[in-house]
Amino acid sequence: MVFFEDFKIKDGLNVHLWQTRKFKSVHLQIYLHNQLSDETTTFNNLLGAVLTRGTSEYPETRQFSKSLDMLYGASVSYSVSRRGERGLLSLSAVMADVEIEGLSPIKVLSRLLASVLFGPALDAGGLLRADYTAQERSGIANDIASLRDDKDAWADFRCSANMCSEEPFGIHPLGDEGLLKSIGPEPLTSWWSGVLPSCPADIFAVGDFDIIEALEEIRRAFAGSLKCDANPGNPFGQAIVPTSGRRFIEYADTQQAKLVIGWRSPIRWSDRDYPAHAMANHIFGQYSQSKLFMNVREKEGMAYSVGSRLEPTKGLVFAYAGVDSGNMEKAIDVILKEHASLCSGDITEKELADAKKSMSLGIRMSADKPGSLCGREVTGIVNSGRFTIEEAVERINAVRAEEIAKAASSWALDTVFCLMPETSGKEAGRR
Amino acid sequence: MKDGFFKPIEQAEVKVLPSGLEVAVIRKPGFVRKYAVFATRFGSQVTKFRFSGDREEYELPMGTAHFLEHKLFEQEKGNMEERFAELGATSNAFTSNDITGYLFCSDGNFYECLELLFELVYRPVFSDEGVESEKSIIKQEISMTRDDPDWMGYRTLLTMLYSNHPIAIDPAGTPESVDEISPEVLYAAHDAFYSPDNMTLLVVGDVDSGDVFSVSGMLDSKFGMKPSEGVEVEEATEPGIVNVTERELTMDVARPIVWIGIKDDPSAYTGWTQKRSLAASVLIEAVFGSSSELNDSLYTDGVIDDNLSYEEHYAPGFGYINVVAATDRKEELVARITASLLKVCKSGVDSESFELAKRRLTGALLRSFDSEEFIAYEYLVDRFRGMELMDRPVVLQEICLDDVNSLARSIFEPGKMSVLTIMPSKRQAGK
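So the sequence lines, in the order shown, correspond to chains Z and C. Numbered as in this note's numbering, the first sequence ends at 1647 without a single skipped number. Numbered as in this note's numbering, the second sequence ends at 445 without a single skipped number.
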């Protein structure tokens, strides 16, 4: 089943519309593409925060919030994310499916999101407001530091940062604190008026709207202000020789130790081998019957949280576990052993069949959540390989055990990262 | 939909089977996932009980309900997660203070999965070995939550608000209480609280309600469960004032995080918890929401750099509000919130803030109905607490300014507030 109908407004600007009666809300989201770097992430993060503070019509944040209340609590939000080395700034507006003063929700949302992007609150000199810039700069600096509060997210970031220290993928997900401090209203306004409109963009809408009206409203609201003529670069990154298991140990004031292991694979989302690669990850650690769950958790009782995940664009695989610090070495050994067993083709018919069912269900269920379906489409767009849900499921079902073993064998161990409790002693966890 | 008219929310169809088991179906046309939750009115807050007419009192170690939730997945014919996976479904479970739920979601083999769910809930098999091996997994889960500032903030605040009410008990228990759990404890708890008349089976998805009722009826007869002989659980007597007014915790966080709890008195809303709960929801939206004067001034003055987070929690036996913010100016934050609450206590919420809050909540509630998880969890929690999720939009519309201001007068008076601060520990830099 094809959910989105695609419309090309111009080179670099595409609209994807899913007309459905399934939901009680209407969802509009724009993704702006750029090359992942400290600069793009930091500027985009600050810009998203400042743009969502107010518009020229409602320049004060409280006024703007009240105007959203009048739209029955419509929400406007932004995020910075990535697919491999493609940076994405996304802004979305969502509201209950209700007319406002005779205007359809898609019209209201198109105007709202366009006013946030192109009609922000400016000072008398035409710059983005200095007070908003300063407040959001301080807020983002705190967000950057507070990533550490969530130890799973922190360990995940520190593994990537160490593993990809020479690549854009290793940067902090929220941007660079030093660069952030230097951004005042002038450079931010230049970024807003110069860089942002040049980013190629994909606009998604999901809801019970008239498709012609939706396309026209979106075109009217966005097409004139977006040039979309910049080159967002190659999202896959340069080929890197893996470092065969460099060990990094850092410390935190915690009870539990966190382990993250990173591998590199040459297989990418659009490759013929990708379904086998994704299946390998699924069997390795992505569902309740996975090798890591069954062995690290159920058999050894070492962890409550354990699993693996795939970065589909750059070809990275990560395994993670929260363990007692005394069990760190054992956890590393068991995880590496389970990877070796996958490579040797130790996959039963039942494992293969159950994993296919689990993975197919996950793909089909993405159609119940507009946000996750849009995210899946964006991954396809960045990787120049879009698959319908049926195609994706078919690709999974065609995978054979030996192809999974071959895909898992392509994972080259790169980095072992341990976040150890300070009380465990500085020598613990060291080989 | 026309101005002010929302898409109607789905209603629940409910049938009680001869065994006393309640079956509820909420249809979600067009949704891929079919979601079934089997839930019992039993959670972490039960620590003592006796069978009706029996003198002997059973004591349950803290964490029993949660432990039972983990162990029901172990059955004679193998691990139940594996059997759900064989059918192409995913399974999971959760435990809160007053509910334990077991669920699966699938898009095929629905009735085969439903039969498995009956077997899981009604046919416990606990072995000494299985119980012992689960202890290390649950201790890792506890250890993980001890490093999570959100969890620790929330759980610690409850111990400050409540002197006697067992809502303050952590659902997972402590490493020591987990060690006290044995198969005998689990069987006693299962006998007492897993009788059909103490449980609800809820199905959410694109299903035929008639089929669900008839298959559930057959399965209920097949498993031959009978209504319970009755169980008595002593109600705790809880004073109106808070247990501890101020406390500090030290954790590995980037900056201080302040948790404020405000305690309501259940005797003030005997008989109609839902109205009180929704009045509290409107009150906190008006006082702490993104368009409130308080949130705006704290943000503008740099006391906070993210909007305040706030929630209300209501049941017939307890009611409280909590507000959370990260700040470097804790004293000022607490002083300004306290002053604001006293002002609202005396003068009430103004009518504009009240109307905007109601409007925002109305839209947000409707949007929530796009999530099957929201519907399933909130429906069960409401029902077990004597409320109806589907009545929320109507009751919300009936809430008037007087309801909100009378609540404010009652809960914003001095003596009902606890303040917890999570302070950053001295730690190694994260590089």
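Since the hints were derived computationally from the structure, they do not count as laboratory data. Every value quoted in this text rests on a predicted model; they were computed, and no experiment measured them. A hint or two may mislead.
Beyond 10 Å from chain Z on every Cβ pair, some chain C residues (computed) [stated by the list, open to error]:
| no. | residue |
| --- | --- |
| 1 | 72 |
| 2 | 73 |
| 3 | 95 |
| 4 | 100 |
| 5 | 102 |
| 6 | 104 |
| 7 | 141 |
| 8 | 266 |
| 9 | 307 |
| 10 | 343 |
| 11 | 371 |
| 12 | 378 |
| 13 | 399 |
| 14 | 424 |
If you want the footprint, here are the derived chain C segments under chain Z, 3+ residues with CB under 8 Å [said to hold, decoys possible]:
| no. | stretch |
| --- | --- |
| 15 | 175 to 188 |
| 16 | 227 to 239 |
| 17 | 255 to 263 |
| 18 | 311 to 322 |
| 19 | 331 to 338 |
| 20 | 349 to 359 |
Ideal Cβ placement from N, Cα and C applies to all residues, glycine included.
Status of the hints after comparison with the structure:
1. 72: holds (27 Å)
2. 73: About 26 Å separates residue 73 of chain C from the closest Cβ of chain Z, which puts it past 10 Å; holds.
3. 95: Violated: least Cβ distance 4 Å, not greater than 10 Å.
4. 100: violated (6 Å)
5. 102: violated (4 Å)
6. 104: violated (7 Å)
7. 141: holds (14 Å)
8. 266: violated (4 Å)
9. 307: violated (8 Å)
10. 343: holds (12 Å)
11. 371: Its Cβ does come within 10 Å of chain Z, the nearest being 8 Å, so this is violated.
12. 378: Incorrect as stated: the minimum Cβ-Cβ distance to chain Z is 5 Å, not above 10 Å.
13. 399: holds (24 Å)
14. 424: holds (26 Å)
15. 175 to 188: violated (count 0)
16. 227 to 239: violated (count 0)
17. 255 to 263: violated (count 0)
18. 311 to 322: holds (count 5)
19. 331 to 338: Answer violated; 0 residues pass the 8 Å Cβ test.
20. 349 to 359: Per the Cβ count (0), the hint is violated.
The earlier numbered hints that this structure contradicts are 3, 4, 5, 6, 8, 9, 11, 12, 15, 16, 17, 19, 20.
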